[in-house]
Structures are given as C-alpha cells and as structure tokens.
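Chemist: Sequence:
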Amino acid sequence: NMYVGRNFMNNKLMIKAQLNNILDANAGITRTNTGNINTQSSTNILGRYWMLSAIYHFDKKFKKK
Numbered sequence: 001n002m003y004v005g006r007n008f009m010n011n012k013l014m015i016k017a018q019l020n021n022i023l024d025a026n027a028g029i030t031r032t033n034t035g036n037i038n039t040q041s042s043t044n045i046l047g048r049y050w051m052l053s054a055i056y057h058f059d060k061k062f063k064k065k
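According to this note's numbering, the sequence shown holds residues 1 to 65 in order.
Bear in mind the hints are in silico, worked out from the structure with no lab data behind them. In this text, all values refer to a predicted model and were calculated from it rather than measured experimentally. Note that CB positions come from ideal geometry on N, CA and C, so glycine has one too. Incorrect hints may appear among the rest.
Said to hold, decoys possible - List of simulated lysine to any residue pairs, SDA-like, C-alpha gap at most 20 Å:
id: 1; residue 1: Lys-16; residue 2: Leu-52
id: 2; residue 1: Lys-16; residue 2: Val-4
id: 3; residue 1: Lys-12; residue 2: Tyr-56
Unchecked claim - Computed Cβ-Cβ distance ranges for the label pairs, DEER-style:
id: 4; residue 1: Asn-21; residue 2: Phe-58; range: 24 to 34 Å
id: 5; residue 1: Asp-59; residue 2: Thr-30; range: 46 to 56 Å
id: 6; residue 1: Ser-42; residue 2: Asn-11; range: 44 to 54 Å
id: 7; residue 1: Phe-8; residue 2: Thr-30; range: 41 to 51 Å
id: 8; residue 1: Asn-7; residue 2: Gln-40; range: 45 to 55 Å
id: 9; residue 1: Arg-6; residue 2: Ile-29; range: 36 to 46 Å
id: 10; residue 1: Gln-40; residue 2: Ala-17; range: 32 to 42 Å
id: 11; residue 1: Gly-35; residue 2: Tyr-3; range: 44 to 54 Å
Whenever a hint applies, use it, and build me the whole structure from the sequences.
Modeler: Next comes the structure, spelled out in structure tokens:
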C-alpha cells in the first residue's frame, strides 16, 4: 500500500493519490474428479485498487470582538 499527497493553500487543501493491494495475489484452485481422472488447475490474480481524493480543512477560527 502506498500514497502520494501534496498540500496546497497553506495546508488547507490536500490532494492524494492512493494505491492499495498492489501485490495481493488471490489464489484460485479448481479440482475436478470424473471417474478415474483427476484434474487440478490453479490461477493467480493480482489485485490493484486506486483512489484519488481531495481533502479541504474548514477549521478557520473567528476572532472575538
């Protein structure tokens, strides 16, 4: 998992690109038995998920008069 982020507008706005499960291998095994014949096959699927997000902080403090 990794992310890259950058702050803008005096740390009020953050743009972030995030990648998850880059090398998460999903193993699949299929076995079939027919009579005296046994068959097995296996697969590996790499999962990749990404997200682009923008975060804005609305934490402005007001001055008391």
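Chemist: Would you mind marking each hint as holding or not holding in the structure?
Modeler: Quick rundown of the hints versus the structure:
1. Restraint check: the Cα-Cα separation between Lys-16 and Leu-52 comes to about 6 Å, which is no more than 20 Å; the hinted pair holds.
2. The suggested pairing of Lys-16 with Val-4 holds, with an alpha-carbon distance near 6 Å, which does not exceed 20 Å.
3. Restraint check for Lys-12 and Tyr-56: the C-alpha separation of about 6 Å stays at or below 20 Å, so the hint holds.
4. For the pair Asn-21 and Phe-58, the beta carbons lie near 32 Å from each other, so the given range of 24 to 34 Å is met.
5. A hinted range of 46 to 56 Å for the beta carbons of Asp-59 and Thr-30 is consistent with their spacing of about 54 Å.
6. The hinted range of 44 to 54 Å is satisfied by Ser-42 and Asn-11, whose Cβ atoms lie roughly 49 Å apart.
7. Distance hint for Phe-8 and Thr-30: a CB-CB separation of about 50 Å, consistent with the stated range 41 to 51 Å.
8. One distance hint, 45 to 55 Å for the beta-carbon pair Asn-7 and Gln-40, holds here, with the actual separation near 52 Å.
9. Between Arg-6 and Ile-29 the beta carbon distance is about 43 Å. The supplied range of 36 to 46 Å therefore holds.
10. Our hint of 32 to 42 Å for Gln-40 and Ala-17 holds, since their Cβ atoms are close to 40 Å apart.
11. For Gly-35 and Tyr-3, the hinted distance range of 44 to 54 Å is satisfied, since their beta carbons lie about 53 Å from each other.
In this structure, every one of the numbered hints holds.
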